[in-house]
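Just so we're aligned: 579 in my numbering is position 394 of the sequence shown, and the numbers increase by one with no gaps anywhere.
Hints listed in this document are in silico derivations from the structure and should not be mistaken for laboratory results. Ideal Cβ positions, reconstructed from N, Cα and C, are used throughout, including at glycine. Everything hinted at is true.
The calculated DSS-like cross-link candidates involving lysine-lysine, where the alpha carbons are at most 30 Å apart (straight line), are:
(1) Lys449 x Lys392
(2) Lys357 x Lys347
(3) Lys374 x Lys469
(4) Lys543 x Lys465
(5) Lys408 x Lys578
Using C-beta positions, here's what the derived DEER-type ranges look like:
(6) Thr323 x Gly345: 19 to 27 Å
(7) Asp476 x Thr349: 51 to 59 Å
(8) Ser247 x Gly421: 56 to 64 Å
(9) Ile574 x Asp405: 25 to 33 Å
(10) Gln328 x Lys552: 46 to 54 Å
(11) Thr323 x Leu418: 49 to 57 Å
(12) Ile227 x Lys578: 50 to 58 Å
(13) Ile227 x Ile574: 48 to 56 Å
(14) Asp405 x Asp476: 23 to 31 Å
(15) Asp565 x Val239: 40 to 48 Å
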Amino acid sequence: MNREKITWMVSGAVLAALALNVPGSLAQRDSDYKFVRTLVDIYRQVGTNYVENVDEPKLQNSAINGMLATLDPYTMFVPEDQKDAFNDALDGNFKGVGVQLNQNPDSLQIEVVTPIDDSPAWKAGVLPGDILEKVDGTSVIGQRLEGVDGIISKIKGPNGSKVTLGIRRGEKYMEFSMVRAEFIVPQVKGFERNADNSWNYFADTQKKIAYIRLKQFTPDIGKQITDICQKLLDQGMKGLVFDLRFNPGGRLEEAEQLIDLFVKEGVIVTVKGRNRPEQKSMAKAEGTLPDFPMVVLVNEHSASASEVMAGALKDNKRSVVVGARTYGKGSVQEVMPLDGHSGELKITVAYWYLPSGKRVQRLKDAKEWGVEPDFVVPMDDEAQERLAIQQIKSESMRVTLNTPATTRSANGTTVPTTQSIDPQMDKALEVLRDKLK
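Starting from the given sequences, assemble the full structure and let the hints guide the process.
The following block contains the structure:
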């Protein structure tokens with residue numbers, strides 16, 4: 186493609202972006218034409234006179250990203266070649282064999298953390314703790330996990346193609362052949378795995394306190410959790426801990442559906458923007474679950490739709506919130522295709538407001554943002570790291586976490602520790618047990 190065509194592709198993308206914020210026709214605004222002419226002139230001068238050859242697509246993207254960087258972190262340009270991956274991540278869809286791997290930094294040994302439920306690796310029989318030694322008959326021992334020629338790149342491939350993983354399980358070497366496919370990563374987790382790798386959702390079997398952890402608001406989450414809650418009620422559930430820690434958000438409509446599941450009436454969330462009419466989502470009684478005691482867990486990494494859910498349940502007096510103040514990401518983004526199949530623009534168009542009227546978004550110099558828990562239970566970075574490791578282990582197949590946390594004594598023996606790995610969960614259970622007395 187010659188430089189003239191590339192130049193006007195850049196200006197076209199810029200024009201498309203400007204059209205979203207500038208009222209009226211760009212063709213009638215001399216200042217906009219002046220800006221585009223200046224941008225095109227700079228682009229030509231750089232392409233012709235810069236001391237070294239330039240990567241023209243990279244230069245285009247940098248020009249667009251530089252303009253958007255003056256806005257907020259959530260307004261971004263998504264190039265055409267990244268569009269599918271961007272949309273798949275939003276929907277929780279992934280392609281490949283579905284296995285989580287970890288590499289020992291010293292030995293470079295590759296260990297399977299867990300196969301993802303219903304993925305090709307899960308169906309083939311790969312298990313947590315397996316050591317990966319070969320991919321398609323070629324040894325990967327000592328190779329790096331990441332990188333262009335890394336092990337992950339060797340495992341990846343087009344849907345429908347076959348790959349064989351050579352696994353060491355104890356003293357036994359095995360090979361598992363599987364077909365790469367698209368699969369959905371499960372986002373709903375329970376308290377621990379049963380012996381058959383199904384989820385046990387009860388954190389306290391005597392008090393019948395259930396536990397549900399949601400990692401992200403992806404499509405169909407509302408229906409999944411509705412079905413789970415109905416089954417738990419049939420099993421005698423008296424209280425519920427709903428864990429939204431480390432949840433980055435996702436689709437607002439799924440959060441609204443979940444809030445409506447627990448709230449009979451009242452405001453769920455209000456959306457207001459400069460060029461968007463105010464929209465107020467209201468709860469309805471139909472389909473609402475019984476009013477059992479409930480605690481929502483949040484932390485500094487709970488963002489977006491998870492903040493809307495925690496805040497709406499708190500403001501409607503439906504749930505107690507425990508943990509740490511949430512992240513403060515309460516803005517609405519729309520994804521708009523750009524002309525000429527040049528990519529997409531993800532742009533912030535509105536803010537979310539909780540039923541109390543409080544804005545979720547953390548703005549510059551703001552003193553209030555997000556959701557403040559009813560019971561603040563801080564955890565430092567080291568404690569959060571231990572919690573994240575525990576959560577990963579609880580997701581792994583054939584792993585039971587009934588054993589108390591331990592520490593090594595001076596004589597080398599292992600003894601129970603008095604320090605809880607999850608004080609926020611401990612507080613949630615304490616609150617629910619008090620309510621159930």
